[in-house]
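Residue numbers (the working numbering), protein chains in the order written: chain A, 9 to 426; chain B, 8 to 315; chain C, 3 to 375.
For the record, the hints were derived by calculation from the structure and aren't laboratory data.
Incorrect hints may appear among the rest.
Calculated lysine to aspartate or glutamate pairs in the EDC-like style (CA-CA distance at most 20 Å, straight line) [to be verified]:
| # | chain 1 | residue 1 | chain 2 | residue 2 |
| --- | --- | --- | --- | --- |
| 1 | C | 294 | A | 38 |
| 2 | A | 268 | C | 118 |
| 3 | C | 60 | C | 270 |
| 4 | C | 137 | A | 235 |
| 5 | C | 161 | C | 118 |
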Amino acid sequence: MQRALFPALFAAGVTFLLTCLVIGVRLEQEGPNLTVVGADAETWSWIGFAVIVVFLFQLFQQPLSRLKQRLPSPDVTGLLPDHKLRARLRPWLIALVVVGLFVWPFMVSRGAVDLATLTLIYVMLGLGLNIVVGFAGLLDLGYVAFYAVGAYTYALLSEYYGLSFWVCLPIAGLLAATFGCILGFPVLRLRGDYLAIVTLGFGEIIRILLNNWTNVTGGPNGIGGIEKPSLFGLEFSRRASEGGQTFHEFFGISYNSSHKVIFLYLVAVLLVLLTIYVINRIQRMPIGRAWEALREDEIACRSLGLNPTVIKLSAFTMGASFAGFAGCFFAARQGFISPESFTFIESAIILAIVVLGGMGSQLGVILAAIAMTILPELAREFQEYRMLMFGGVMVLMMLWRPQGLLPMKRPHLELKTS
Amino acid sequence: MTETSLYVLQQLINGLTIGSTYALIAIGYTMVYGIIGMINFAHGEVYMIGTYTAFITIIGLLTMGVGSLPIVMLLALMTAIIISSTYGYAIERVAYRPLRGGPRLIPLITAIGMSIFLQNYIRLAQGSRDLAMPALVSGGIQFGDPAVFEVSISWMQLIIWVVTLISMTALALFISRSRLGRACRACAQDLKMTNLLGIDTNRIIALTFVIGAALAAVAGVLLGLYYGTINPYIGFMAGLKAFTAAVLGGIGSIPGAMLGGLILGVTEALTAAFFPSEYKDVVAFSLLVLILLFRPTGLLGKPEVEKV
Amino acid sequence: MKLKHGSFGKTLIAASTLMAALGVQAETLKIGIAGPVTGPVAQYGDMQKIGAIMAIDKINEAGGINGMTLEGVIYDDACDPKQAVAVANRIVNDEIRHVIGHLCSSSTEPASDIYEEEGVMMITAASTSPSITEKGHQLIFRTIGLDSLQGTLAAEYIKDNIKPQRLAVIHDKQQYGEGLATTVKNLLAEAGTEAVMFEGVTPGDKDFSALIAKLKRNDVDFVYYGGYHPELGLILRQSREKGFDAPFMGPEGVVNSDLAAIAGEAMEGVLATAPKSFDQSPENAALVEAFKARNEDPSGPFVFPAYSAIQVMTEAMKATGSTDPYELADHLRANRFNTTIGEIGFDAKGDLTEPTFEIYTLHADGSKTPVSE
């Protein structure tokens with residue numbers, strides 16, 4: 009106990025220093041004059057309380073940690089049924105989830121469906137970045153650039169050439185992939201963190217260019233009135249555009265605006281399912297194996313005759329194309345885009361989704377994407393404390409499960425000696 | 008001197024000023040990276056907190072009636088350094104130390120989370136609007152023919168150069184001469200080996216966070232006085248620029264961070280001088296990409312040896 | 003500007019307990035107030051919020067509307083277009099059919115499309131981008147003048163009174179600032195005054211020394227700045243320090259007591275187009291007192307427009323005896339209203355029929371005086 013006294017006092021002192029000036033005193037601007045005001049007694053008593061809590065916690069840290077060791081650590085894998093049963097149940101489970109995904113929106117409110125659509129965009133982005141960061145181990149901090157390319161491709165093509173969503177979707181993916189390839193080519197010889205900062209730089213460059221190229225992209229005004237996707241030419245609006253036909257007229261039902269929201273959601277589900285399917289396939293192909301091999305040991309890869317540049321480039325391009333799809337869909341859902349939606353913090357959040365999910369694990373990334381989009385929405389109740397909690401939870405989650413929610417497991421065989 | 012050369016001289020002066028503060032903040036990134044190989048994204052927020060502390064101290068002292076400018080500035084500097092270093096230490100202790108030894112990406116995410124947290128923490132405690140303080144140091148020296156182009160250096164710019172120079176020299180001496188500095192260098196060389204030799208590496212790592220935070224606080228005080236305004240969001244951009252400077256110079260190298268900061272500041276000023284200033288960030292980042300293409304480990308970075 | 007935490011919540015609770023205590027079995031009509039509660043521009047969101055809440059409270063005190071009491075529900079879009087869409091969908095979902103907001107034009111634009119589709123009436127008290135009302139929407143109104151009006155007014159004043167030889171137009175690359183700056187530049191170019199410099203600065207930037215050196219080099223004798231006060235304040239402050247002392251002019255976004263704090267002495271004599279300062283007009287004196295009693299600042303540019311937005315909406319409800327947005331919209335277009343921002347009417351697009359801007363000279367103590375022609 010006595011040995012713990014000094015560290016406890018030290019920690020309490022640190023806590024006091026952290027809080028005393030920043031919370032205990034407030035700067036107040038009264039017209040041109042700046043003044044300092046001491047906080048009220050309530051705030052100070054909170055500071056005192058925090059100092060005491062830290063002190064006591066440090067003082068009894070050892071008994072506490074011993075107590076904690078006795079508690080079972082969170083183990084998600086233990087909750088799942090055993091391997092064979094899981095393999096048998098898997099197709100059924102997947103079918104159930106897919107059916108659920110399609111039926112669910114008809115039973116809940118419009119706001120929930122819309123939020124789910126946003127979540128699915130992040131799932132798509134997370135899965136795409138997962139290829140680059142999770143599989144190939146390349147740290148990309150500028151992923152949002154490709155997302156922007158996809159979004160602007162659709163917005164511009166729709167605005168200037170009147171092309172429809174379904175025509176633009178593959179174009180957006182291709183164009184984003186091309187960008188990934190062009191940007192990737194020179195930077196991929198950089199390693200680790202240098203790559204990170206260069207991609208970050210590219211992300212910013214693309215955003216600033218979109219912002220400054222006012223003649224084409226509308227600059228900060230963005231592009232508005234982007235068309236929503238249609239179902240085989242049937243529109244989901246109240247009134248049909250010239251020469252078009254609306255969904256509710258075609259089927260002779262009354263207009264209901266939630267049809268559009270649900271349709272957008274279903275499109276998002278299809279895109280996500282497609283993404284998952286494609287990535288699952290690729291992961292099992294030689295190129296997918298090469299990504300992981302490269303991540304684990306570049307030198308070994310090279311000595312086995314694999315070309316690291318081509319492999320990295322393919323991961324970069326593939327990841328970018330999914331961001332392009334997501335961007336195209338984002339523009340359609342939003343109906344309005346501007347460079348503000350593609351800032352660095354967006355890249356950071358997508359990266360957080362990948363890491364939080366457990367790099368390389370698809371299910372983990374999906375869960376993390378859901379957590380990261382639903383969390384701020386749930387925290388809406390807390391109004392101005394919302395982002396504070398978001399940041400705090402991000403730190404705590406990583407401390408709690410540094411390996412991610414569902415770390416990636418690779419199928420492996422073991423020779424048993426006995 | 009011709010008009011153009013005077014104009015370029017003025018822009019160089021502006022660039023060097025902003026560049027020296029980039030360099031001060033960049034040291035924090037580079038030292039941490041040099042030792043534990045992680046990017047401390049929350050470092051920009053430490054700088055922001057330093058600025059807030061300085062503002063609070065200065066305004067507090069002025070209301071108390073302490074009028075002597077050097078005393079006010081010195082006290083503000085000291086308070087800012089103490090508080091910021093405490094934050095640097097606490098961030099390391101809470102968000103990074105428990106994750107040491109794990110995959111490198113994990114602390115990066117906690118750092119981003121920490122950055123969001125600190126930004127909003129200050130916003131809640133101090134409000135989100137811009138706060139402004141009257142200029143404490145005004146005036147400067149002008150030279151050049153007013154009819155051609157008048158070059159001006161404000162006293163505050165001179166103060167920034169002098170204080171930056173002193174801090175950098177102090178840091179260089181500390182790293183090269185003191186026992187602790189030697190321990191820092193040892194840690195940067197080989198963390199495990201240093202530990203085996205009986206040095207408390209945890210303490211050295213904490214020390215690098217503290218030193219980085221202290222220098223960021225110095226930058227915070229200087230820039231706070233120079234610009235006279237603060238808000239809780241200034242840390243992000245400053246951090247990003249300083250990080251770019253650190254990578255430009257070769258991350259992990261202290262002279263590299265200084266050089267990178269100055270180059271970045273001067274590039275920005277010269278870009279803004281001859282092109283529309285909205286493109287200065289584009290040019291700054293493009294320069295970074297170019298330099299990395301030809302020197303993949305930055306200007307003064309040691310080429311990494313690939314180990315099997 | 004920042005209110006004490008929860009002061010708004012407390013007001014709501016107080017209001018509702020009051021109603022309960024009186025035993026009024028009134029129906030409540032929810033009105034959405036959408037704008038930034040978090041993020042860098044939260045302080046502007048605050049202005050809109052306190053104005054709207056004050057109006058709602060005043061109306062409830064006077065017995066409500068058609069036997070209903072009003073309730074303001076706050077939605078936070080953080081000035082992020084993506085969140086604005088989510089918020090708009092949530093509002094539709096919560097079956098709220100009357101909205102005050104949003105604040106930033108970039109959020110208002112995507113959100114207004116959803117409101118129009120879903121039959122929700124939206125009155126913005128702050129978004130000044132012309133494109134919001136240009137789509138022929140039926141249910142979208144605003145109680146604040148357009149960017150273009152401000153730009154025209156500024157350009158005319160510069161042309162007639164300043165007659166600059168070497169004009170510079172600077173903007174902050176945001177929808178609001180760049181839009182205004184472009185209008186001013188183009189109008190002046192038509193009148194024969196070409197700008198020698200037209201460029202953007204990065205919002206949130208602190209160092210403008212490079213820009214100022216360039217202004218000096220170009221011998222600029224008049225600067226029009228399109229943007230908000232934090233950047234202009236720093237530009238002014240650094241200009242005077244570097245010995246660049248050409249006069250500046252800005253839009254209503256810079257008229258803020260914080261500009262005086264940032265720019266200090268350098269602010270003296272800056273010109274600005276601004277809505278009439280409603281908190282100075284004698285008819286609003288009682289209301290200003292009411293704001294002060296709540297420890298709120300009534301001087302922000304969006305406080306009274308937000309108050310008036312609630313006023314016209316409820317006036318229309320009274321007159322039509324309905325809450326149906328389409329009926330209300332017809333009524334708003336057909337009539338004139340007496341509000342805290344003066345007597346106003348709406349045109350077919352939903353904009354105010356008369357501009358509410360004037361040209362002011364700003365002073366170092368944060369006050370402003372109208373420029374006498």
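Taking the hints in turn, this is what the structure says about them:
1. C:294 to A:38: With Cα atoms ~14 Å apart, residue 294 of chain C and residue 38 of chain A stay inside 20 Å; holds.
2. A:268 to C:118: holds (14 Å)
3. C:60 to C:270: Given pair residue 60 of chain C, residue 270 of chain C is violated - Cα atoms ~37 Å apart, limit 20 Å.
4. C:137 to A:235: Roughly 14 Å separates the two Cα atoms, so the pair holds.
5. C:161 to C:118: violated (39 Å)
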